[in-house]
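A.B. asks: Given chain Z's structure and the hints, the job is docking chain X onto it.
Line by line, the protein sequences are chains Z and X. Count along the first sequence starting at 1, add 1, and that's the number in this note's numbering. Count along the second sequence starting at 1, add 1, and that's the number in this note's numbering.
Treat each hint with caution, since some may be false.
[Stated by the list, open to error] The calculated DSS-like cross-link candidates involving lysine-lysine, where the alpha carbons are at most 25 angstroms apart (straight line), are: (1) Z:Lys12 with X:Lys43; (2) Z:Lys79 with Z:Lys58; (3) Z:Lys15 with Z:Lys79; (4) Z:Lys12 with Z:Lys58; (5) Z:Lys15 with X:Lys69; (6) X:Lys43 with Z:Lys79; (7) X:Lys2 with Z:Lys58; (8) X:Lys2 with X:Lys69; (9) Z:Lys79 with Z:Lys12.
[Stated by the list, open to error] Computed spacing ranges between beta-carbons, pair by pair: (10) X:Thr103 with Z:Ser28: 28 to 34 angstroms; (11) X:Thr6 with Z:Val75: 31 to 37 angstroms; (12) Z:Ser6 with X:Gly84: 23 to 29 angstroms; (13) X:Thr6 with Z:Ala54: 32 to 38 angstroms; (14) Z:Arg16 with X:Pro83: 38 to 44 angstroms; (15) Z:Val116 with X:Thr103: 21 to 27 angstroms; (16) X:Glu18 with Z:Val31: 28 to 34 angstroms; (17) Z:Ala54 with X:Arg56: 41 to 47 angstroms; (18) X:Thr108 with Z:Val13: 35 to 41 angstroms; (19) Z:Ser8 with X:Pro15: 37 to 43 angstroms; (20) Z:Arg82 with X:Gln82: 27 to 33 angstroms; (21) X:Thr27 with Z:Val31: 28 to 34 angstroms.
[Claimed, not checked] Derived contacts from chain X toward chain Z, CB cut-off under 7 angstroms, selection only: (22) Arg38; (23) Pro41; (24) Gly44; (25) Leu45; (26) Ser47; (27) Leu50; (28) Ile51; (29) Gln55; (30) Asn97; (31) Phe101; (32) Gly102; (33) Thr103.
Just so you know, the hints here were simulated from the structure itself, not pulled from any lab data. Glycine included, every Cβ here is placed at the ideal spot set by N, Cα and C.
Here is what each chain is made of, one letter per residue.
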Amino acid sequence: GAGVSQSPRYKVAKRGQDVALRCDPISGHVSLFWYQQALGQGPEFLTYFQNEAQLDKSGLPSDRFFAERPEGSVSTLKIQRTQQEDSAVYLCASSLNGGPHYGYTFGSGTRLTVV
Amino acid sequence: KQEVTQIPAALSVPEGENLVLNCSFTDSAIYNLQWFRQDPGKGLTSLLLIQSSQREQTSGRLNASLDKSSGRSTLYIAASQPGDSATYLCAAERSNQFYFGTGTSLTVIP
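Only chain Z is shown next, with the shape it has when bound in the complex (with noise of 0.2 angstroms):
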């Protein structure tokens, strides 16, 4: 596609459900990451795949929260058991090859309130 298509826009959870947001990445984009914005911060760094293979989680805050890209295009991140704590945009990006010299496209985001 043309862009970084993430869905829902917006999704409403209450305390204790899980959720499952979708990334679609550009078409042909190697490396896809996904970021946590909390209101009035910078995003941060969650988790990052190359393909369908997940290299780095650090960034994931607890085991609620898992990521998967299994055939190497669209992701989901799950989060389970929801917190009040959770609420924040969850930001996507894909690169072509996720090497210094590539830039980053971000989606829209999902706006995730758990309440």
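C.D. replies: Below, chain X without anything else, positioned relative to chain Z:
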């Protein structure tokens, strides 16, 4: 851990004024420095990417500079317009991770 700081946190200028946004980072071992724009409720739009071997990049009314040794980058916006109103984020990249500042919220007054 890389720490990225942006000054000022907020800026309000009259239309037509030139302005400078500042970004500093603590670890100079970065691959590149990227400036983004974020409109309310929206994702990030890439403005300029400066690779570690470069000193500056220009696009239209925007010019970004990078001084790795001092850990600083600046974004210069010439002849500001109301449509430039947004939050501007800088991000230092290393090892496939971006480290973002908290942004500068810019308001250009018509």
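A.B. asks: Confirm or reject each hint.
C.D. replies: These are the hints, each one checked on the structure:
no. : hint                                       : in the structure
1   : Z:Lys12 with X:Lys43                       : holds (15 angstroms)
2   : Z:Lys79 with Z:Lys58                       : holds (13 angstroms)
3   : Z:Lys15 with Z:Lys79                       : holds (15 angstroms)
4   : Z:Lys12 with Z:Lys58                       : holds (23 angstroms)
5   : Z:Lys15 with X:Lys69                       : violated (45 angstroms)
6   : X:Lys43 with Z:Lys79                       : holds (21 angstroms)
7   : X:Lys2 with Z:Lys58                        : holds (16 angstroms)
8   : X:Lys2 with X:Lys69                        : holds (16 angstroms)
9   : Z:Lys79 with Z:Lys12                       : holds (13 angstroms)
10  : X:Thr103 with Z:Ser28: 28 to 34 angstroms  : holds (33 angstroms)
11  : X:Thr6 with Z:Val75: 31 to 37 angstroms    : holds (35 angstroms)
12  : Z:Ser6 with X:Gly84: 23 to 29 angstroms    : holds (25 angstroms)
13  : X:Thr6 with Z:Ala54: 32 to 38 angstroms    : holds (33 angstroms)
14  : Z:Arg16 with X:Pro83: 38 to 44 angstroms   : holds (40 angstroms)
15  : Z:Val116 with X:Thr103: 21 to 27 angstroms : holds (26 angstroms)
16  : X:Glu18 with Z:Val31: 28 to 34 angstroms   : violated (42 angstroms)
17  : Z:Ala54 with X:Arg56: 41 to 47 angstroms   : violated (35 angstroms)
18  : X:Thr108 with Z:Val13: 35 to 41 angstroms  : violated (30 angstroms)
19  : Z:Ser8 with X:Pro15: 37 to 43 angstroms    : holds (40 angstroms)
20  : Z:Arg82 with X:Gln82: 27 to 33 angstroms   : violated (46 angstroms)
21  : X:Thr27 with Z:Val31: 28 to 34 angstroms   : holds (29 angstroms)
22  : Arg38                                      : violated (11 angstroms)
23  : Pro41                                      : violated (11 angstroms)
24  : Gly44                                      : holds (4 angstroms)
25  : Leu45                                      : holds (4 angstroms)
26  : Ser47                                      : holds (5 angstroms)
27  : Leu50                                      : holds (5 angstroms)
28  : Ile51                                      : violated (10 angstroms)
29  : Gln55                                      : violated (11 angstroms)
30  : Asn97                                      : holds (5 angstroms)
31  : Phe101                                     : holds (3 angstroms)
32  : Gly102                                     : holds (5 angstroms)
33  : Thr103                                     : holds (5 angstroms)
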